[in-house]
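Please construct the entire structure, taking both the sequences and the accompanying hints into account.
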Amino acid sequence: MARLTDITYYPVKGCAGVTVTESAVTPAGLVDDRGYAIVDEKGDVRWQGEDPRMALVAPELLDGELTLRAPGHAPVRAGHDDVDAWLTHVLGRPSRLVRPSAGPPARLHVVSTATLAALNAKLAERGAGPLPMNRFRPNLVVDGWDTPHTEDEAPTLTVAGAELAFAERTVRCAVTMVDQETGRKAGPEPLRTLAGYRRAEGGVVFGAYFTVLRPGKLSVGDEVRVGP
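Residues in the sequence shown are numbered from 1 upward in steps of one, following the numbering used here.
Among the hints, erroneous ones may be present.
[Stated by the list, open to error] As a list, the in silico BS3-like pairs of lysine-lysine whose alpha-carbon atoms are at most 25 Å apart:
no.: 1; residue 1: Lys13; residue 2: Lys217
no.: 2; residue 1: Lys122; residue 2: Lys185
no.: 3; residue 1: Lys42; residue 2: Lys13
In short, the hints are calculated from the structure, not lab data.
Pasting the structure below:
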């Protein structure tokens with residue numbers, strides 16, 4: 001029986017995630033997922049591939065108030081402190097915190113432990129060490145599937161009262177080479193190994209995106225069923 005083992009949302013796009021034991025899932029995805037973003041002086045959204053130190057920015061949402069923390073820096077509260085100056089100092093580049101205008105419904109990123117285990121086995125064959133799940137920044141982690149990449153082949157997933165529909169496999173980028181604990185690039189893995197067995201149109205793929213067919217509440221330990 002497959003079960004949900006981790007639920008993570010990312011209050012600020014590209015920054016550290018917040019792992020919870022339960023969360024509502026709405027037509028727009030997990031509650032509070034990627035509700036904020038960091039942009040440069042031109043208004044372009046910053047991402048970890050260019051700014052790996054974003055991994056060290058740890059957001060916390062409490063009663064709708066956002067607090068940011070980073071090693072060696074005092075916490076800063078959005079709406080109370082000069083968040084933009086704080087981010088500029090932490091990242092070493094001009095930065096602003098914004099709330100993006102509503103776009104298309106968000107997707108949930110799903111990765112299974114079997115998929116990660118298959119990758120780590122291939123890394124071991126190359127003499128490389130295993131990678132943690134957070135390199136791939138999933139929203140939902142599923143344990144209990146015998147076959148790696150089951151998430152690629154699932155038309156729908158039912159988790160408690162929520163139902164998710166497969167959207168597409170996740171094309172991976174340089175963010176997967178960022179050590180989420182140190183905020184430093186540590187490549188060339190996993191992209192080098194993934195390129196050898198997970199190449200697809202658009203790049204290399206690992207994990208899958210799902211849209212929300214039926215909202216509900218997700219909890220760690222919920223059974224995950226693959227639909228027809």
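- Checking against the hints above, which ones are violated? When the structure is compared with the hints, none of them turns out to be violated.
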